[in-house]
Amino acid sequence: MTLIKPLRLITLTFLYFVTVLTMLVYTSDQEIFFDWTVSYAQRAPLGVNKQVIVINDQLPGPLLNVTTDNVVHINIHNDMTDPFLTTWLNGVQLRSSWQDGVQGTNCPILPGHNWTYHFQVKDQIGSLFYFPSLHFKKAAGGFGAIRVNNCAVIPIPFPLPYQDFDVLIGDWYNTDYQVMRTSLDVGNGLPMPDAILINGLGPNEATFDFQPGYISLTIPFWFPWSYTTQDDEYDSLDIHVGQSYSVLVTAKNDTNGTSYPMIASSRFTENILFGLGVIRYPDSVAYPLGTISPGPTPFSYTYFMLQAQSIRRNLTVGASWANPQGSYHYGQINISRTLILKNGVIFDGHRLRYTINGVSFIQQDTPLKLADYFRLSDVFEPNIMFDTPNDNVLLVLGTSVVDAMYHDYVHVVFQNPLQEIQTWHLDGYNFFVVGMGFGTWDESKKESYNLFDAVSRSTIQVYPLAWTAILVKLDNQGMWNLRSQNAENWYLGQELYIRVKGIGQDDPSTIPIQDEARIPENVIKCGNTTSL
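Residue 268 in numbering that gives the first Met the number 0 sits at position 269 of the sequence shown, with consecutive numbering throughout.
The reader is advised that the hints may include incorrect statements.
[Stated by the list, open to error] Distance ranges between label pairs, derived from CB positions: (1) Thr249 with Asp56: 30 to 40 Å; (2) Asp34 with Asp68: 18 to 28 Å; (3) Asp68 with Asp193: 33 to 43 Å; (4) Leu464 with Asp282: 45 to 55 Å; (5) Asn391 with Gln177: 31 to 41 Å.
[Said to hold, decoys possible] Lysine to aspartate or glutamate pairs mimicking EDC-like chemistry, simulated, CA-CA at most 16 Å apart: (6) Lys251 with Asp234; (7) Lys121 with Glu30; (8) Lys121 with Asp68; (9) Lys472 with Asp402; (10) Lys49 with Asp193; (11) Lys524 with Asp364; (12) Lys49 with Asp175; (13) Lys472 with Asp407; (14) Lys251 with Asp208.
The hints are simulated quantities; they were obtained by calculation from the structure and are not laboratory data.
Every value quoted in this text rests on a predicted model; they were computed, and no experiment measured them.
All residues carry an ideal CB built from backbone N, CA and C; glycine is no exception.
Assemble the whole structure, with the sequences as input and the hints as a guide.
Right under this line is the structure:
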């Protein structure tokens, strides 16, 4: 998985956020409580002292170790001098966007205050992560791993491995995040990062102690929610911004005293950056010997697209539920609506901004979720964005909210006309990645779709001058954020919200509780809702 990603073009080819090497089994249906204090601290992972964001004085923050069906309570105390919000990648499949933790759904936790998130972990297993969603703070830290374990009654399709590790990988700047944000505000782009960190540490500082022969399988990975087929092996993975993988790794039986590098390298950048960790065995030397490989070759988008298409679901077993994954025939559901989303750019005076179908998103002082609940008509106007790109329409600044109906089955095509990789994420949902290819999408491309065993995930890459198609069932009511995971693009307008409404539920305050949880009793109000 990725976690911090201010750079637009970097792609890591081993692990980009969390890698879980074992799957432990815990009991579910229990409440779990966490108490976190967010504060500033000084750290120097590259030898340059910098103000970072720590949680309980940790960088990365504490592991959120939970099990499917757990009810989680996380009380966050903001000891910083700035507002703070945390979001949970994939929305942790939250059944309520009240807990999503992005600027369009929640008011921030003010300095000196605290707020408690309440959510239930549903229908998922695997590796996720959390990070601060406000004002570029994720470039300073505040992130951590989430490990979602399967229920004891749901068997895993392989022998239980011996160990597990959480691996968080992201680019790092020695520059303060506030300076970086100001640079974007005045029209400058971001430079190359100074380095890639593994678990918040510099080269060769993150170590992983293996036991010879104990992890006995080289079955590939699983995504949150789904196991993949077990007939392929990979020695590297193309992992993009915001993505997560869980993999099984075979430890060597005879190491001859050797330690091995874990390498995260950038792709398609002028200078290749490396994040280096160390895999050690009981008799290993401290550090790997010899030169470090830059990663797999060839460095081609075709190579990596073929790898992505080779990853398929294992239909014979369940993941977080007892039924085999093949029991859900997603390819046989009638499509209710098609959205073709084309990313682009717009100049706002002196500053470059990013767009979706010609609209660059403007944040409001009042979260859209609160404005929707209190029926405030002056915060956003729904459906200002077209379902398909129209190059004849003037590019605009606006607050894009797409209205959709509960239980609609939506076909979304991400069209990328630019010479850089794009990565897109949808909160609150997983979707089926049914197709990708180079060129411009048209109806004929449906003939190549995988409507049988496509993987399900919540973050997907779109290669340069290419397209990616997904199918998603809108079975989660609320106001959900769809955004670029490239931090610069997200900060400068490349996002929208999907408002999923039930039939006859024009008044959000009357939504049945079985469909979406009611407004929290501890909700923070701000903007135009402060006095309501």
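Hint check results:
no., hint, in the structure
1, Thr249 with Asp56: 30 to 40 Å, "36 Å, holds"
2, Asp34 with Asp68: 18 to 28 Å, "22 Å, holds"
3, Asp68 with Asp193: 33 to 43 Å, "42 Å, holds"
4, Leu464 with Asp282: 45 to 55 Å, "50 Å, holds"
5, Asn391 with Gln177: 31 to 41 Å, "40 Å, holds"
6, Lys251 with Asp234, "14 Å, holds"
7, Lys121 with Glu30, "13 Å, holds"
8, Lys121 with Asp68, "5 Å, holds"
9, Lys472 with Asp402, "14 Å, holds"
10, Lys49 with Asp193, "13 Å, holds"
11, Lys524 with Asp364, "11 Å, holds"
12, Lys49 with Asp175, "7 Å, holds"
13, Lys472 with Asp407, "6 Å, holds"
14, Lys251 with Asp208, "12 Å, holds"
In summary, the structure agrees with every hint in the numbered list given earlier.
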